Amino acid sequence: MLIADSLTFEAGRRSLVKNVSFSIRPGELLLILGANGAGKSTLLKMLSGEKKPTRGLVKLHNKEISNYSPSLLALNRGVMNQQNVINMAFSVSEIVTMGRYPHYKNNPSVNDTNIILQVMELTGVKDFSERSYLTLSGGEQQRVQLARVLAQIWDVPNALLLMDEPVASLDLQYQQQTLAIAKMLTKRGFMVISILHDINLAAQYGDRILLLKNGRKWYDGAPAEVLSSKNIYEVFEIDSDVYTNPRTLKHFFIPKDVKITS
Amino acid sequence: MSKKTGLYILLILALLISAGLSMGLGAVQIPLKEVIVILGKKIGLFSEMPISIQHEGVLNIVRIPRVILGLLVGAALGISGTAVQGIFRNPLAEPGLIGISAGASLMAVIIIVLEATLLASLSNIMGYYIMAFGAFAGAGIAALIVYQISRTDGKSNVATMLLAGIAINALAGALTGLITYAADDQQLRNITFWMLGSLAGATWETVISLLPFVLVPLLLLPRMGKALNAFSLGEIQAAQLGLKVNVVKRNVVILATMAVGAAVSVSGIIGFIGLLVPHTIRLVIGVDNKHVLPASALFGALMLTISDMICRVIIAPIELPIGVITALMGTPLFLYILVKDKKKLVI
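Here the protein sequences line up with chains X and W, keeping their order. Residues 1 to 262 in this note's numbering are what the first sequence spells out, letter by letter. Residues 1001 to 1347 in this note's numbering are what the second sequence spells out, letter by letter.
Just chain W, with the same shape it has in the complex:
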């Protein structure tokens, strides 16, 4: 069995176990065995075994959607981190870096503050989905601006793209700050909680509103492993190998934006997963994107499930924002790569 197969099996097993454990954790503790029985009943297994109705209700309404949401958001952030790093040809690039997250969060904050007044009619029509679409649009607009700015002569310049991302981040941050002055106390609390990232809002509706935006990138991005490998040789070299460089770049940016924007819209800004996950995977199985892409999706899902468990348990019954946990793990790594590679990293 190769190292890669081994990693896939290990990741899937760990994912199943941690998802099961996570479903059992919280104010109402449900043992893993009972979680398995309740889940089994849904597909016709263990029909003769007795279960607690209360436990089943908690799982159905709260725990299962929350765990699924964590899996989807984690997979989305993990795989789009890898994809964006491939396009940027730089292991430090993270979706947050090119302004995708900032654009999404700006739109979300606007919606939180204005929903009750200006956007009331829109909110009536779109109902629950207004946040998802708003954040996705914000992410898309930010990505589009950065992408357009960085293009000259039909090619895009990675250094300009990174700098434009910094500018967009600063602008979106400033506007977000400005808008919070118009917020009331309750809205401020919402915004703060949301800016730090949280899966607490998980319901079946959130899961369903997120699902298509994450499934499409999860299905399509792993097919671009070869293209992203060629990209790492350089854009000119990739073109010389017959790659339609601009098409690849556009598709990857759209798919990554879709995944990150949608994830941000349901869970707020959860930073550093897109950095932490691909880096760790590369340390284990190397840098071939054919494997790093799918493995990043799996590991991202695992990381977020575990982080979510930690933030629910550590100061129970109070819940920490999940972004705090991921940033605490991610920042040291970011600095480590920066220091280790500062001589080698060329844009």
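Bound-form chain X, shown alone:
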């Protein structure tokens, strides 16, 4: 279980995140949505332990995250970052192998190697596993990074997976695939928290959606509750119609045209 208790993050005089509290249980997929600058990434960085909250605390499995040693934390949570810049020509499989670094000292075990192959297959990077990372397209690189993070926590029960816009440069197929993988992980007991921009994708896969506005929690609930024209207008300032998919009974939204008067 992960508990975020009254998290506040201040940079200088500005508060980027204000008093945000929520918790997530094993098996849940929580998606964080909000406008640019709403504090989504800052919130995620506090959850991952990268940034220390100005006030409040994060507890993972009943232990405060700042009390974890870096290596123990690495065995319990993986982070998929928004920006990944690599300058050295590592092969895809070498990068994915780095995900297993917390688990072995000198050489990967048979189990490590199996996991590496499994996650490369799952993320669809196995076909180019010996190619240099530097020669890949943005979307392919992102899938390799996902594979690396999955390898890190694959065999850890109730592990926490944090993702910051994991589908940003992916095509439609891999957007769906990535969220489907996240969903599948929750079935195995993972806790997954991901920042997304696509509301429909969030409604399609999320167990819960957390809306952030100006650093505050605006709404936290099931997609069906969160996804309303009113909430969308209040958080994103656009008009939209929300419908129900007759087959899945899930909500989806269609934005109305934005009029620019010149």
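Honestly, the hints are just simulated from the structure, not real lab data. Incorrect hints may have been included.
As the list claims (entries may be wrong) - Cross-link-like lysine-lysine pairs, in silico, DSSO-like; alpha carbons within 30 angstroms at most:
1. X:LYS213 / X:LYS63
2. W:LYS1042 / W:LYS1244
3. X:LYS126 / W:LYS1003
4. W:LYS1244 / X:LYS105
5. W:LYS1033 / X:LYS63
6. X:LYS105 / X:LYS51
7. W:LYS1290 / X:LYS105
8. X:LYS126 / X:LYS52
9. X:LYS105 / W:LYS1004
10. W:LYS1340 / W:LYS1226
11. X:LYS259 / X:LYS213
12. X:LYS51 / W:LYS1244
13. X:LYS256 / X:LYS52
14. X:LYS59 / W:LYS1244
15. W:LYS1226 / X:LYS126
16. X:LYS52 / W:LYS1340
17. W:LYS1041 / X:LYS126
18. X:LYS18 / X:LYS52
19. W:LYS1340 / X:LYS105
20. X:LYS51 / W:LYS1003
21. X:LYS213 / X:LYS256
22. X:LYS105 / W:LYS1226
Claimed, not checked - Per label pair, the in silico range of CB-to-CB distance:
23. X:ASN111 / W:LEU1010: 26 to 36 angstroms
24. X:ASN111 / W:LEU1032: 43 to 53 angstroms
25. X:ASN111 / W:GLU1205: 33 to 43 angstroms
26. W:TYR1336 / X:LYS183: 42 to 52 angstroms
27. W:VAL1339 / X:GLN173: 33 to 43 angstroms
28. W:VAL1284 / X:SER21: 36 to 46 angstroms
29. W:PRO1212 / X:GLN173: 52 to 62 angstroms
30. W:TYR1336 / X:GLU225: 53 to 63 angstroms
31. X:ASN107 / W:ILE1051: 43 to 53 angstroms
Being a predicted model, the structure only gives us computed values, none of them experimental. Cβ atoms here follow ideal geometry from the backbone N, Cα and C, with glycine treated the same way.
We have chain X; now place chain W onto it with these hints.
Chain W in isolation, oriented as in the chain X frame:
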């Protein structure tokens, strides 16, 4: 046999052969066979075979220490180049770049010029080692300054680190230039020769004064392959994999400084080995630091042994500074990487 094992075997063989050849080259030519016999006698082999006393003397006093010095300096420059590039996450970073060499050379020049007068008493106490310690201290101070400047909020910024290195290089260069005005003719010649790098000063004392400073990094740096690999993902990503990023960075910087500072102190500035060597190794066996680190040490030793042979033979009996040879080989490569990767290289 894997490509990596093959490379290790090839490097070691080439190293042994070139070291043997190098010992035979010079004003007194000694054939490789005789070199092997003389070396063999030292460990109790070939005791019945006759050798020339004169040849044995030349080998003992001049050639063996010179070749060993070349091996140590080359290994030190090769492995620290790889390590520094790992920390900087940039294949263009070279120990010279963050001011380590410039700091070392500044201190060495100060010592050359002031040794006879101001530093006389210090020089009496420390004797031969004053140069080694001075250059090492200069290297350390330079690295420390660059490292401190580049740190904000407990993290160090690689772009700032590189720019600070440029500044330190310029400052040390200016101060070095200033000090040379106080030098007499003989000192100037010393400084020039030393600034271009040379193994000509090799004696057993130099070898022994260098040995610990090179052995420690040579033993410890290869253990950091995994950490440096994780580093290449990014500092944040490495931390997320459980790495104590700042500890790793500090240790690598200290070890690389130690190796480069000590090497500079005995042989002057020998440029581009730290760039040339890791790059070539990566082209052959890939970029996994677990292998690039040890292979860079071996290849660095080989490159320097061969360069030393070239600079002794090419216009014999006059000797070229070795830095001229390494710069002639290294600069085109540096420019090539720069042009090839200018779109890709992000700090």
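Checklist entry - Does the structure keep LYS213 of chain X and LYS63 of chain X at a Cα separation of 30 angstroms or less? => result Cα-Cα ~28 angstroms, so holds.
Item to check | Given hint LYS52 of chain X paired with LYS256 of chain X - CA-CA distance at most 30 angstroms | outcome: Violated, at roughly 40 angstroms.
Checklist entry - Are ASN111 of chain X and LEU1010 of chain W spaced within 26 to 36 angstroms by their CB atoms? => result holds (34 angstroms)
Checklist entry - Taking only the CA atoms, is the gap from LYS18 of chain X to LYS52 of chain X under or equal to 30 angstroms? => result holds (14 angstroms)
Next on the checklist: For LYS1244 of chain W and LYS105 of chain X, compute the direct alpha-carbon distance and say whether it is at most 30 angstroms.
Outcome noted: holds (15 angstroms)
Next on the checklist: Given the hinted pair LYS51 of chain X and LYS1003 of chain W, is their Cα-Cα distance within 30 angstroms?
Outcome noted: Cα-Cα ~43 angstroms, so violated.
Next on the checklist: What's the verdict on LYS59 of chain X and LYS1244 of chain W, does the C-alpha distance respect the 30 angstroms limit or exceed it?
Outcome noted: holds (21 angstroms)
Next on the checklist: Quick check: does the Cβ-Cβ distance between VAL1284 of chain W and SER21 of chain X fall within 36 to 46 angstroms?
Outcome noted: violated (55 angstroms)
Checklist entry - Does the Cβ pair TYR1336 of chain W, LYS183 of chain X satisfy 42 to 52 angstroms? => result holds (48 angstroms)
Next on the checklist: Verify the CB-CB distance for ASN107 of chain X and ILE1051 of chain W against the hinted window 43 to 53 angstroms.
Outcome noted: For ASN107 of chain X and ILE1051 of chain W the Cβ distance comes to about 47 angstroms; the hint holds.
Item to check | GLU225 of chain X and TYR1336 of chain W - C-beta distance against the hinted 53 to 63 angstroms | outcome: holds (60 angstroms)
Item to check | Assessment of proposed distance window 33 to 43 angstroms (beta carbons of ASN111 of chain X, GLU1205 of chain W) | outcome: Violated, since ASN111 of chain X and GLU1205 of chain W (Cβ atoms, about 53 angstroms apart) do not stay within the stated range.
Consistency with the previously given hints fails for numbers 2, 5, 8, 13, 16, 17, 19, 20, 25, 28, ordered from lowest to highest.
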